[in-house]
Amino acid sequence: MSEKIIITENLVKRFPVGDGEFTALNNINLSFEKGEFSGIIGPSGSGKTTLLNIIGSLDSPTEGSATVLGHRISDLSHKESAFLRNMHIGFIFQVYNLLPVYTVFENVEFALILQKRSATERKKAVMQALEWVGLENMADKKPSKLSGGEGQRVAIARAMVKRPELVLADEPTANLDAKNAHAILKTMKTLNKELNTTFLFSTHDEKVMDYLNRLVRLEDGEVDKDDIVQPKYMV
Amino acid sequence: MIKFIFKAILRDKNRSLLPVTVVSIGVFLTIVLSGYLSGMLGDMIDQTARFQTGHVKVMTRAYADNIDQMPNDLALLGIDSIHDELNADFPDYRWVNRINFGGIIDAPDDNEESKGQGPASGMAIELFDKNSGEIERLNLVNSLVEGKIPTKSGEALIGYEFADKLGVKVGDELTYMGSTMNGSMAFAEFVVSGAVRFGVASMDKGMIIIDFSDAQQILDMADGTGEILGFYKDEIFMQDQTAKMREAFNAKYADNPDEFAPIMKTLAEQNSMGTYLDLIDSVSSVFVIIFVLVMSIVLWNTGLIGGLRRYQEFGIRLALGEDKGHIYRTMMYEAVVIGIIGSVIGTILGISVTLLMQTYGIDISGMMKDATMMMPSVIKSKFTPQLLYIGFIPGLVAMVIGNMLSGIGIYKRETATLFKELEV
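As you go down the protein sequences, you meet chains G and W in turn.
Position 209, counted from 1, in the first sequence is what our numbering calls 209; the numbers after and before it change by one each time, with no gaps.
Position 203, counted from 1, in the second sequence is what our numbering calls 438; the numbers after and before it change by one each time, with no gaps.
Treat each hint with caution, since some may be false.
Stated by the list, open to error - A few chain G residues that don't get close to chain W, going by computed Cβ distances all over 10 Å:
1) G35
2) P43
3) N86
4) Q115
5) W132
6) E150
7) K189
8) K232
As the list claims (entries may be wrong) - Stretches of chain G that chain W covers, calculated by requiring three or more beta carbons in the stretch to come under 8 Å of a beta carbon on chain W:
9) 73-84
10) 105-112
Simulated from the structure, these hints should not be mistaken for lab results.
We put the CB at the ideal spot given by N, CA and C, even for glycine.
The following block holds chain W by itself, in its conformation from the complex (with noise of 0.2 Å):
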């Protein structure tokens, strides 16, 4: 009978063909479109961690509940114990310093009169130090679109668009303005060793990043950083893994009622995070329901046309003394075999789109001018051994139960009403 079964699917081109194809496109879509989101809000969420929250992040108390002011005044002291502290708890991660600050940059002319100023948010990251991987996780020298990356004290980056405005090329000099963790005011003279572009209009237009021991100087935090920022070794997010240690590393602190005590904080826990995260989780298996909702619809509609189309086989098939169920039976059976080759076609479409754009990926640069959110400006797909089943499942699933639900028919007529469609 199987043999049979497939001999009609092959050669009846209306049975095997539309909803072959309609379970393709189907699966093909689910996978792309899952593989696409996964890749664009993970890598909004590793671009997010890098320059911003770490996997996890250490700071003070205070510092944390005033974290958007950039609060160097509640900075973290005595950083080395910690250090210590988090290197021998957590040997996994890598952890380094950053202090974010705030200020007013100005550029001099020959005259030393300014020809351009302006207010720069400051990022000072542990650039002299190569075992702090900083360079690479910032991906600083594939952003650099002139000069280089400076190799010594007094050398500062500065976003292109920052550049342009101020007037200054690699060489100039900057003289950077703000105010000292004390509260006192706070002057330094850098050279501009390169001009960085990251694709993030916030960071293009105002930022500056010097070496962490300079800021340490310049803002008066010896032995003292805004943030200590933790990177799992492969710099991949492990959300269980990084609540475990969040909750061991508070717990030490508990009993301490010092606001300037050290906490540690989850890439979750920080700027909303935690909602992309969930949005992941929940993405596919938000396209899973609406795949097998949708593709249930369809294909019941195309079971539906088909079965109609069919009756006249069923009432032959009737009548040589075939019963209902068992030719309910054969509908499934042909569901699960066009369910299966459509869903194989569409996963191999799909998987095959999905590591093409994960290696190509869709330059949306020219939409990201004057974004102000840190995304990254070429969205990647991601290949993740879920897709392998996501659409597969659905459209087998989809296509059973849109042939369930139009095979109920046969059960809803009367034995000869069926047959009766014999009398064309």
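Only chain G is shown next, with the shape it has when bound in the complex (with noise of 0.2 Å):
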């Protein structure tokens, strides 16, 4: 039977309006298996980025619970939601957010840095990683010399150096042509594989949905449709 590391269950979330609440997310009931390749789409405001959010233990629910990784979201302290995250859970972003001031090595570098590595270990890990994006020849530079797609390459390094169980990508290739768009979605899907990773996207991009098994489509903040889908990509 397969390992489930993320559940939700009767899952709320609203945020105060003026004198008012909006609801974003209301009654999820959810459940992700390890290793799956899947994605929440649907339109702009429908909650995606807000669920991915509670399930990164960035925020928290109103009503219900998430457990990710058999940790209870609302149970824990900054501290203990920051930790999970270190050492679990990799994110990557519309735009790549690299650190400016550092180079494409240190980016990476930094999360190890966090977990107190030492720097023979971080070595290693940060070239095996920026290998399987293919840019271990560019390690010096620094972010602002990268391409679009180079620079996304670093993001998914970041990501999976730590070799987290759990990965979440909140638009990934919005600020991608297509060409670089499934170059970054077939490095992902082999991490996938290769690894074993999770990977639980936030999209409403074609391009995504073509390689996903699994959809889970929002909608005013409902679950409208989740299902297993045969990905149109595969590697």
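Hey, can you piece these two chains together into the complex? The hints should help.
Written out as structure tokens, the structure reads:
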């Protein structure tokens, strides 16, 4: 039996708006198994990013629960949330969000420094992560010298370097052209297969959907559809 | 992590250059102004001590009560025994006699008619006693505009503007008219041996300086003096020490009801000098407080601007698994590093300029033409060991406080809100 690494039960998230409240997520009941390559899709404002933030322990539910890798998010302190992210969750963003003052190597290395790994261990892990994304020769470059595709590949290396069990990718191809988007998605799919890392996307990009095994469609903060699909592209 | 922080500080000029510059300038100004003010007030006090108050002054109680009138009729008599007592009790001090007196100076022409006349403020000092140190103490040699220091009885120094007013030159005769300590008329003739310029209008326009023994004779003050001034051997005023001396000396005469009994007063008790001394003590504290407040506000704003610019970075770091407390602490480390760099630069520059100002000073004689206050004409800074930390510590503290205040924003914002800064 596959291990469920994300479980949401009757999850509700409301935000205060003026004197009232806005319900961003309503009664979300989902579970994701280890090794899934899934996506939360839906139009802007449907609650995709909010759900991803809660799963990533950056936010907590107003009602109900979200359990990630055995940790109930609403029970975690700031420090415990940070520890969970640091050790087990990788993030990939729409804009690559690399730290501009650091080199490619240092950007990827940062997560491992937080884990207090030794310099030798860090170097080995960073170079391997850069190899995964084909950027081992650009380790000393600054982010400003990279193309959009290269920047996003560094972001993938940064997310993967600590070998997380879960990677959350929020619109990772939104700023990329088709060629680069496919290259990135292939890389992620390969890592998903080779390392059995769970990938959960938030997207409305058709190209991304073509690689996913499961599509959860959100509409106005509620689950509209949850389908297992045959991906168009395999690696 | 520390290595990582250093790299960011060195590479990101926006993160380091502006705060380092602000801290450096603040520390520099604090040190320079503090050194300058200490020097100026210190010089004023030093000059007043040398010319008027001594570090301590002994006189009769009655004289002390009417000191503004230069009341030589209330002078201290039997001064040899008082000197013996002072030398025995306070051997680290040099004790000198002074008589201040007033009168009219008349300058006769070749026909013995008056060609110029004016009121004079006279000061009798121990010019002929080389051990008294009075010539050096009053900087007479350097103050000479023409002529020489009196070397024999009957010679006098005169303020250079006073000499112009009377129309006298070196070698000319002057007649002094005044009153003795007993109230009878006093007349004396002097030869002008030199003209002096002190840079203080009241002295340059009406001062005459004669030897103490001449004044004793003219004013019928044999075995008497108006004042006995005490100077610490290195000419440095020691406030606490003089206060103890005064207590010890005055205690001896506490039971003596005579108004002519001697009394000792410290520099701090004369000519409102206590206020100046307090000012010197407080001026550094005031500077430090103002500095910390102003710099904290400036650095707070600098930190806020920098912090806002860095919310994206904080968001990334949160996503990578750094907790808010760690981010806040690294901000503090950065603040300490930047504060130290800025403070070191500011301290080095500030002390360099202070040392230059201590050597060369600023000539304010042009502004002092009509001054009646006893102030030196060249204001010099004064380097004190205090300057090594007076700017440094506040520079560091202000930088840390500024960053602490601006960094509070990290805590005030929800993680997800901060994280949303990423959604550019």
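Hints, verified against the model:
At roughly 22 Å, the least C-beta separation between G35 of chain G and chain W is larger than 10 Å, which holds for a residue marked as non-interface. Once the 10 Å rule is applied to beta carbons, P43 of chain G is consistent with being away from chain W; the minimum gap is 16 Å. Not every Cβ of chain W is farther than 10 Å from the Cβ of N86 of chain G; the closest lies at roughly 2 Å, contradicting the non-interface assignment. Consistency note on Q115 of chain G: stated as away from chain W, yet its beta-carbon is not over 10 Å from all of that chain's, at 8 Å minimum.
Against chain W, the non-interface label of W132 of chain G holds: every CB pair exceeds 10 Å, the least being about 18 Å. Interface exclusion of E150 of chain G from chain W stands, the closest Cβ pair being 17 Å apart, more than 10 Å. Annotated as non-interface, K189 of chain G keeps its C-beta farther than 10 Å from every C-beta of chain W; the closest such distance is 22 Å. Distance check for K232 of chain G against chain W: the nearest CB is about 28 Å away, which clears 10 Å, and the non-interface claim stands.
For a cut-off of 8 Å, the count of residues in the stretch 73-84 of chain G with a CB near a CB of chain W stands at 6, and the three-residue condition holds. Only when three residues or more bring their CB closer than 8 Å to a CB of chain W does the claim for the stretch 105-112 of chain G stand; here the count is 3, and the claim holds.
Hint compliance for this structure: hints 3 and 4 are broken, all remaining hints hold.
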